[in-house]
Amino acid sequence: MESFYTRYKNPLVLIAVVFIQAIGLATQIQRPDPQSSARTGSTRLIRVWAVSAITPVEHALISTGHFFRNTWYGYVDLHNVRKQNLALQAEIDHLRMEKAQLSEEAGQARRLQALLGFKEHFASATVPAQVIAGSGTEQSRIVTIDRGASSGLAVDMPVVTPDGIVGKVKDVFRSSAQVLLINDRESGAGVVMRQSRLQGILKGSSRGQVFISYIMSDEKVEVGEQVVTSGGDRIYPKGFPVGVVTSIAPDRDNDPFLAIQVKPAADLDRLEEVLVITKVADAEPDVLAGPAPTRAADVLAQRLPGVPASNANKAGAPALPGTTAQPATPSTAGAVQQPANIQKNAVGPGSNAPLQGQKPAAPVGQPAGLPKRPSAGAKPQSSPSATPAPRSEEKTEGKTGENAEHHNASPATGQKGTRPTPRPTPSATENPPR
Amino acid sequence: MSITISYTSREEIAVHKFSWVAALGVPLLALLLQTFLARPFRFITIFDLPLLVTIFFGVARRRPITGLITGALIGSVQDYLAGVYAGLNGIAKTIIGYFASSLGLRLDVENPGSRFLMTFVFYLMHQVIYTAIDIVLVGGKGVPNWGRVLLSAFANGLLAVPLFSLLDRLKIRG
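Respectively, the protein sequence lines represent chains A and B.
Quick note: the first sequence uses this note's numbering, first residue -12, plus one each step.
Quick note: the second sequence uses this note's numbering, first residue 29, plus one each step.
Think of the hints as simulated: they come from the structure by calculation, not from any bench.
We treat Cβ as the ideally placed atom computed from N, Cα and C, and that holds for glycine.
There's no promise every hint is true.
Some, not all, of what chain B presents toward chain A, calculated at C-beta under 10 Å [to be verified]: (1) LEU61; (2) GLN62; (3) THR73; (4) ILE74; (5) ILE97; (6) GLY115; (7) ASN139; (8) GLY141; (9) PHE148; (10) VAL149; (11) LYS199.
Using 20 Å as the maximum straight-line C-alpha spacing, the simulated SDA-like pairs for lysine to any residue come out as follows [stated by the list, open to error]: (12) A:LYS266 / A:SER137; (13) B:LYS45 / B:TRP174; (14) A:LYS250 / B:LEU179; (15) B:LYS169 / A:SER192.
The following block holds chain A by itself, in its conformation from the complex (with noise of 0.2 Å):
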């Protein structure tokens, strides 16, 4: 008599097969680990054995390819050609081999302008990085990087192209990092209106569509309306180009909220070379764009100017480092005629439009004498105490150039043109990727 094993014996072990799968998938999915990618868990060492032993040979494939392809063109095309012409002929070759390869490193050069261009005005360090790899399937939107730990990335750096934002880095290996783009399912990113300030969530579909979240459905939203970050994720810099609204649908999911399709700015079916932000410039200079933070007692004491000057003299206010204390004289009245001037220029805390030929009153205890506010990128010829420090978030807040113009975008600053929401900001860690 055949054992129940013996007969049932490929049932039974697709099944355990099965079952121990399985339960290694429950255990990824139920252990959210904040410190790194619960997808990847417990997992690691498997995923890092099986990503290393496939890296090298894509590397070698990546280096064939292109010795193949440099022999092609700088040898064998060459000699094909120096075959079928007189001199003269070959000569003109030449020049246009010469011409096809200046033609390309202009191109490069191009692009590696662009790329320079954006690290000064966006990030602080950033490691390009070339894809070697995607993912294979539909299911998941993930490239390979030739970039790893040697090079410093880490996971949760955000990897951008100057057209725009691509996604983060999921896992980090040795030499080699996968990148979870913006249209995979699990991703998510804060994003905001250009326009209409409107702040959502930036999400991935299995399609590989890019959809906002959280958007009520009656604001009002356009299509060509441009996508920026907001910032709000901690992990993309604010104010980043995201995409462009492509239509607008409510959510089904989710009722009272809108499905807006974002077109990614990034080319991300077609992507080569990109850059990792290692480090995001979150400590801005000292020296603002904006005017000082005006206290209404100042304001007060330029409206009235004679009593608080005196009185601050009387006081024997000591004279700042580096300044001259001057006694409170009828030209200090000149102040009194300018609030109006600076009220005029004071536009909001990113803004970095001088004083046109207006000289700021001194505001009481600052004495006349005292050097004016440098202009946006100049270093401060004053002492520290001289000069007001700037609030915190102006330091953030606070740009110069085309910063100030991404990172004015945020309605957190409450500037000018900004329009709230009803609603509570959100933001992607209310909604975090798996």
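Starting from the structure of chain A, add chain B where the hints point.
Chain B in isolation, oriented as in the chain A frame:
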């Protein structure tokens, strides 16, 4: 006494063996090509080379346990490389490997027509299993575009015919 009904000749149900190089190299090559070629050629994701290799080895070896283990290993490595939860492809390909091996015991799966049909059906089955696991175990909401799945099944069926013929040369006939 049980009698196994088979529609194959005695020669056809012979268990084929492969060298270690082929047994390891072909799945690795399939995984490598699937991830490597997907970058410059996005359309390559319409194919599932690891699945085709799983089916081929399952059918050729005609041993269910060997077939399901082959599917489990290939699927798991594919999960690791694709960055998805380890087990999604693993479970799906385990089941496919098992059924492919079982099918190889009973049907003639060596002519092009049956290979196309078999691959077409197995691809659909694989997608159904994958989606079911994704929804039930992972909690995913993504339902695939079934029109695209049908197209992929057709494309994989077409690819299977020349691919399996090519891989037939790796068989060790004893």
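*asked:* Need the list of violated hint numbers for this structure, in ascending order.
replied: 7, 8, 9, 10, 11, 13 and 14
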